[in-house]
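Mind docking chain B on chain A? Use the hints.
Listed in order, the protein sequences are those of chains A and B.
So for the first sequence, the numbering used here puts the first residue at 8; every next one is plus one.
So for the second sequence, the numbering used here puts the first residue at 267; every next one is plus one.
To be clear, the hints were calculated from the coordinates, so they are not data collected in a lab.
A couple of the hints might just be wrong.
Here are a few chain B residues that face chain A, going by a calculated C-beta distance under 8 Å [claimed, not checked]:
#, residue
1, Ser317
2, Gly683
3, Gly706
Beta carbons are placed, not taken as given, at the ideal position from N, Cα and C, and that holds for glycine.
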Amino acid sequence: MSEDPATKVIGRLRGQFLFAAIFLGGAALLLSQLGNQTTWANKTDLVAQPGFWPAVGVGGMVLFGGLHLLRLPRRRLARDDWQEGCTWLSVVEFAAWFLVYVVVVPLLGYLPTTLVFMPVLLWRLGYRSRGVLAAGVIFGGAIVVVFKTFLNVRIPGGAVYEFLPDAMRNIFIVNF
Amino acid sequence: MDLILSSLDILARWDVILALLVGSVGGVLIGAIPGVGPAVAIAILLPATFSMDPIVGLTVLLGIYGSSMYGGAIPAILINTPGTAVNALTTYDGYPMTARGEGRRALSLAYSASFFGGIFSVICLILFAPVLAKVAPLFGSREIFLAALLGIILVVIAHRGQTLIAAALACFGIFLNTIGLEAVKYTRRYTFEQSWLASGIDLIVVVLGLFALSQAFLLLQGEDEKVRTTRLRGGLFQGFRELGKHPRVASVSAGFGVLMGMIPGVGEFTAQFLSYTYAQKTSKRPEDFGHGSSEGLIASETANNAVPAAAMVPLLALGIPGEALTAMMLSVFYVHNVVPGPGLFQNQMDFVVALYLALLILNVLVLVFLLVGTRPLIQVVKIPNRFLGACILTLSFVGVYSLRNSVTDCMLAAAFGVFGFVLKRLSLPIVPIILGMVLGGIMEVKLRASMSRVKTPLDFIERPVAMILFLIILTILAVHARRVWLDYKERRERRWSTRHASTRFEAQLYRRRSFLSAERGKKVRERRNPYSPRSTDGS
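Chain A with its partners taken away, still in its complex shape (with noise of 0.2 Å):
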């Protein structure tokens, strides 16, 4: 059966009805707790509430994202919506790289760091080549160079640079 065009722009149905549950729910959750995570002023307009706006948020959010489920073509878990939410999860590596390039940064110092991280992510990434490395490596120096050394971005030198001779010491932890 050829799909219903009008339902073809609601999104890819596959793991649409996964999220539009896990949506609704953690929005019921925090409409739940509104009065506990709110406060109610007294002599005061309904519209300068505190809890208000939180309110029109979170009411919003169950109420159009219950229409949402409910206008959905499939509205039961499928095989494919827990292959969906898989690969959902298999980003959370990706994240988890990111998190780790950010603790180790304060460590072992931004120009350090980043001339590690990328090659070592594309290696895990699968490449092999050592252009392709060296273009990683090429690239997170440039980087660092145009980001912390001219544009002074705020990020901190890194805990070795402590070790380094006074003068380099202070090169570093200005410049990379």
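Just chain B, lined up with the frame of chain A:
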């Protein structure tokens, strides 16, 4: 004239000129790489611009916004993959031209049409600025509240077929903005006794997670694609001559771009759709559209390049961003204590005109760069997807970590990155979340300010501008409700007319069994029926 001169004076600085160069070249490069896009680049660069002067920071961001669409046309025309989302329509006519050996002509047409759209919109808006300066002060708190509400409604209903989930995601954005310490009564909202939630969730963290990190995850999780580019022959100036043969299509498309860009939440896609439809309906050869029509290419490229300048109007005049990129730029204003809105148009008109002039110069720079550098630029489309993903992941770190050097921010951004990845996998919109966050905050402040002077609900719309905005909101909701009803009716009719049997294997077996037993039953009944004539073939 004095205004133009004082605006030029603002731009006559080496750092602004450098920003123009970086913005234009960087924007074209970013646009030419499929899978990056201006939103990712702006999100990453945003914290770096906080340390610059507002005019310098905004010029870089505007440069990337304005020039990325030029670059996005290159892969759209040569390899049938739009560099940015708004170049999708360019593939319809651009790629067929490449397929028949006219790639250079298509590129040349796209550049000239984009240039015309960009210049047309900037000139329109410079001429229109004095009128805006008179209209903007008519917007008080309640008018700005209603305009922000209108913006949210338009963003939601612009996602046809996904209106409900877009509304739910906009409400999620509104909710995110409310987390933390509330500024008037100093009470905590949804902090769950966590100190790191007391200061709220930063917009930049959400933007970087939803746009940059999610894109990195998407590229890292996917596969590299083999890209084959075409050799280009011929001159790049022929497009200008060809554009001159279609002045009506070009100017109407640019007009649509300017109009749609000014309306919050509408933007490039509607402008392109209207322009393309207009060009096709009025063309002498409508059958060529989608098969390499020069008019189609002109319509789509002119319309989308006319939008960036126009999209700055609601941001500068009312402080209301109409889409995600201008929402990000709003934070640059806030960081520098420059409050966009009616006051900016009244007191700092030269700053506003300087931004438009920067866009004008930028269009010229981009065109020169493209005319000279198209051949080497084509090579950037060959960068492997997963390599790009690794680059975006590393660049995202600069954006998030340089904000407050906070690991918590990075963890939040990673969480939003995974959420954005899920939304992208499901083809669900991300923009309503960002606009919900920004416009939700504006609506909260403006509604509170305006209600102190309102006694009855009708007082809210007693002023003419407020009344007009209210009527527009009602009309849009009524039109949308009608469209939903018609869609529902159409869907129901289609379901009735196309309902047929399931294609599942079990269902097919069941039907076969039913058929065989029915056939067998027919034969048995026939044999046993004493009144039916006997077969004479001896079986």
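Mind listing which of the numbered hints don't hold for this structure, in increasing order? Those not satisfied: there are none.
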